[in-house]
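*Asks:* Please take these sequences and the hints and turn them into a complete structure.
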Amino acid sequence: MKPKLEVHGVSYSYHSLEGETLALSDISFTADNGEFLAIVGPSGCGKSTLLSLLSGLLTPDTGEILIDGVPQSDSRSNIGYMLQRDHLFEWRTIMGNAELGLEIQRKLDGSSKEKLHQMLHTYGLGSFEQAKPSELSGGMRQRAALVRTLALEPDLLLLDEPFSALDYQTRLSVCDDISSIIKSTQKTAILITHDLSEAISVADRVIILTSRPGRLKAIVPVSFGDENLGPLMRRNMPEFSVYFNQVWKELQNHD
Amino acid sequence: MIETHPSLAQQEFIQKEKTHRRNVSVIRMLLLVLFLSLWELCARLGFINDFIFSSPTRVTICFLDMVKDNSIFVHTGVTVMETLISFALVVVFGLLISILLWSSRSISEVLEPYLVMLNSLPKSALAPILIVWLGNNIKTIIVASISVAVFGCIMTLHTGFSQTDPDKIKLIYSLGGTKKDVLLKVLLPGSIPLIISNMKVNIGLCLVGVIIGEFLAANKGLGYLIIYGSQVFKMDLVVMSIVILCIVSAFLYQGITLLEKKIRF
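Protein sequence lines, in the order shown, are assigned to chains A and B. So the first sequence is numbered by my numbering: it starts at 4 and just counts up by one. So the second sequence is numbered by my numbering: it starts at 212 and just counts up by one.
Think of the hints as simulated: they come from the structure by calculation, not from any bench. Using N, Cα and C, we set each Cβ at its ideal position, and we do this for glycine too. It is possible that some hints are incorrect.
Unchecked claim - Just a sample of chain A residues kept apart from chain B, beta carbon distances all over 10 Å, derived:
{"no.": "1", "residue": "35"}
{"no.": "2", "residue": "58"}
{"no.": "3", "residue": "81"}
{"no.": "4", "residue": "87"}
{"no.": "5", "residue": "106"}
{"no.": "6", "residue": "116"}
{"no.": "7", "residue": "120"}
{"no.": "8", "residue": "130"}
{"no.": "9", "residue": "139"}
To be verified - Which chain B residues face chain A? A few, computed with CB under 10 Å, are given here:
{"no.": "10", "residue": "313"}
{"no.": "11", "residue": "316"}
{"no.": "12", "residue": "320"}
{"no.": "13", "residue": "323"}
{"no.": "14", "residue": "324"}
{"no.": "15", "residue": "326"}
{"no.": "16", "residue": "349"}
{"no.": "17", "residue": "350"}
{"no.": "18", "residue": "383"}
{"no.": "19", "residue": "385"}
{"no.": "20", "residue": "387"}
{"no.": "21", "residue": "389"}
{"no.": "22", "residue": "392"}
{"no.": "23", "residue": "400"}
*Replies:* Laid out in structure tokens, this is it:
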């Protein structure tokens with residue numbers, strides 16, 4: 004089967020009058036359909052740049068990105084992007100926020116609205132459709148942001164540290180929550196995080212980048228035997244600390 | 212447990228707060244009464260010359276005379292109308308030009324020094340030229356008024372627009388949006404509080420501009436009454452016009468505050 008996403012030798016530099024900064028250098032990896040990848044690395048290693056490249060907001064200097072075998076710039080497939088903060092607009096209701104993507108792509112009609120209703124209901128936001136974002140807890144806001152992303156039925160989900168703005172307790176439960184939603188919908192997902200245990204608790208494979216310029220250091224496959232193990236359950240497994248140490252060592256190892 | 216009766220401490224607090232508020236309003240009123248009676252008293256006892264300094268009764272008589280022949284309503288109406296017209300134009304031009312500046316980095320960078328210069332230029336210096344160019348009429352007054360407010364308005368809105376959270380803009384692009392979507396879905400709705408607070412400043416500036424204009428190019432309006440009154444030494448007329456101007460500006464400001472409450476989310 005053709006991989007969902009192929010990244011071949013991608014490099015990217017930022018330009019300013021002070022000079023050129025190489026952010027990413029020669030990155031290659033693939034993601035299969037339905038796979039959950041996590042990308043970890045020290046801060047400033049170009050993780051967010053990588054997601055911007057994958058989503059098409061930036062164009063790589065060299066190399067290519069294929070989605071379903073088609074170059075990203077020609078690809079018709081929808082890519083969902085979740086940012087660090089939920090960025091729900093205070094001047095819209097939760098329903099209005101969830102509709103944003105459909106509205107922009109002019110896909111808002113009776114049937115898509117009905118689907119949104121159901122999604123909000125499924126994810127426990129049914130009674131908050133007409134609420135303002137400020138009336139929701141951090142976890143609920145992040146779920147509303149996920150609904151906004153999923154409303155466009157993306158084939159590929161990009162998650163840019165979507166839990167980092169939450170407090171630790173909420174973070175664990177929202178991570179559990181959202182990763183199970185993503186797994187149940189069988190989306191291909193790429194999560195960026197600086198939290199190693201978060202990466203190991205959700206991902207099928209962990210991609211490790213070096214510090215600037217970001218290069219591919221290692222790819223660690225993570226397997227707990229049981230496919231349906233949620234992130235919180237994974238954290239209790241004996242293998243968890245083995246993987247943690249493995250990823251930690253890779254990150255520490257500067258050569 | 213939900214308390215149905217507020218505790219004693221809470222009751223005391225509320226009582227104290229109420230007393231404080233009542234005291235503030237009472238003292239406010241007293242201050243005005245004291246000022247007016249002192250002014251009247253000084254005029255009656257001859258400490259000040261009421262021909263030059265006028266007095267509350269003289270102002271009231273002057274006001275009642277002008278109410279009788281309706282002329283005060285005409286003058287006030289003209290000033291208010293001119294202020295509202297120029298205010299509307301300032302808001303429209305301010306929004307359009309600041310959106311234009313936001314949409315193009317080149318345009319905004321080219322125009323920036325000119326805007327800064329025009330904004331700090333004392334606009335009353337322009338009024339004599341405007342009279343020559345536009346004539347001794349309402350056009351001059353409105354253009355003078357716009358020139359007082361519009362440059363500051365453009366600069367404030369443009370600064371506000373360019374401080375929009377880049378991640379919110381990124382969100383729109385990641386959802387497949389264009390620059391137009393950024394404008395309509397993030398920039399404008401997100402800037403409503405800024406636009407309103409800017410309106411509060413502008414309504415006052417427009418009134419300033421209208422009065423400057425009326426000083427020089429008018430035969431109606433409160434600014435005209437002030438300048439005419441001072442030229443013919445009718446100080447009652449001057450003071451009365453200033454008092455009405457105070458009331459008008461308070462009402463205009465309150466109008467914007469009402470608008471703000473209506474669209475507050």
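*Asks:* Next step is simple, just say for each hint if it's right about the structure.
*Replies:* Comparing the hints with the structure gives:
At roughly 23 Å from the closest C-beta of chain B, the C-beta of residue 35(A) stays outside 10 Å, upholding its exclusion from the interface. Not every CB of chain B is more than 10 Å from the CB of residue 58(A) (nearest about 6 Å), against its label as outside the interface. For residue 81(A), the shortest C-beta to C-beta distance to chain B comes to about 8 Å, within the 10 Å cut-off, and the non-interface label is violated. Remark: the non-interface label on residue 87(A) conflicts with the geometry, its nearest Cβ contact in chain B lying 7 Å away (cut-off 10 Å).
For residue 106(A), the condition that its CB be more than 10 Å from all CB atoms of chain B is violated, with the nearest at approximately 8 Å. A cut-off of 10 Å between C-beta atoms confirms that residue 116(A) is not in contact with chain B; the least separation is 17 Å. Residue placement check: residue 120(A) keeps its beta carbon more than 10 Å from all beta carbons of chain B (closest about 20 Å). Annotated as non-interface, residue 130(A) keeps its C-beta farther than 10 Å from every C-beta of chain B; the closest such distance is 20 Å.
Residue placement check: residue 139(A) keeps its beta carbon more than 10 Å from all beta carbons of chain B (closest about 15 Å). About 18 Å separates the beta-carbon of residue 313(B) from the nearest beta-carbon of chain A, more than 10 Å, and the hint is not met. Hint status for residue 316(B): violated, given a least beta-carbon distance of 15 Å to chain A, over 10 Å. At a threshold of 10 Å, the smallest CB-CB gap from residue 320(B) to chain A is about 14 Å, leaving the interface hint violated.
A cut of 10 Å between beta carbons decides the hint on residue 323(B): the least distance to chain A is about 18 Å, and the hint is violated. Residue-level restraint check for residue 324(B) is violated (minimum Cβ-Cβ distance to chain A is 20 Å; threshold 10 Å). The beta carbon of residue 326(B) is not positioned within 10 Å of any beta carbon in chain A (closest approach about 24 Å), and the interface hint is therefore violated. The beta carbon of residue 349(B) is not positioned within 10 Å of any beta carbon in chain A (closest approach about 38 Å), and the interface hint is therefore violated.
The beta carbon of residue 350(B) comes no nearer than 38 Å to any beta carbon in chain A, farther than 10 Å, and the hint placing it at the interface is violated. The beta carbon of residue 383(B) comes within 7 Å of a beta carbon in chain A, closer than 10 Å, and the hint placing it at the interface holds. Hint status for residue 385(B): holds, given a least beta-carbon distance of 4 Å to chain A, under 10 Å. Because the beta carbon of residue 387(B) sits about 5 Å from the nearest beta carbon in chain A, less than 10 Å, this interface hint is met.
Taking 10 Å as the C-beta contact cut-off toward chain A, the hint placing residue 389(B) at the interface holds, the least distance being around 8 Å. This hint holds: residue 392(B) has a C-beta 5 Å from the nearest C-beta of chain A, less than the 10 Å allowed. Using the Cβ-Cβ criterion of 10 Å, the hint placing residue 400(B) at the interface with chain A is satisfied: the shortest such distance is roughly 5 Å.
The structure fails to meet hints 2, 3, 4, 5, 10, 11, 12, 13, 14, 15, 16, 17 from the earlier list, while all remaining hints are met.
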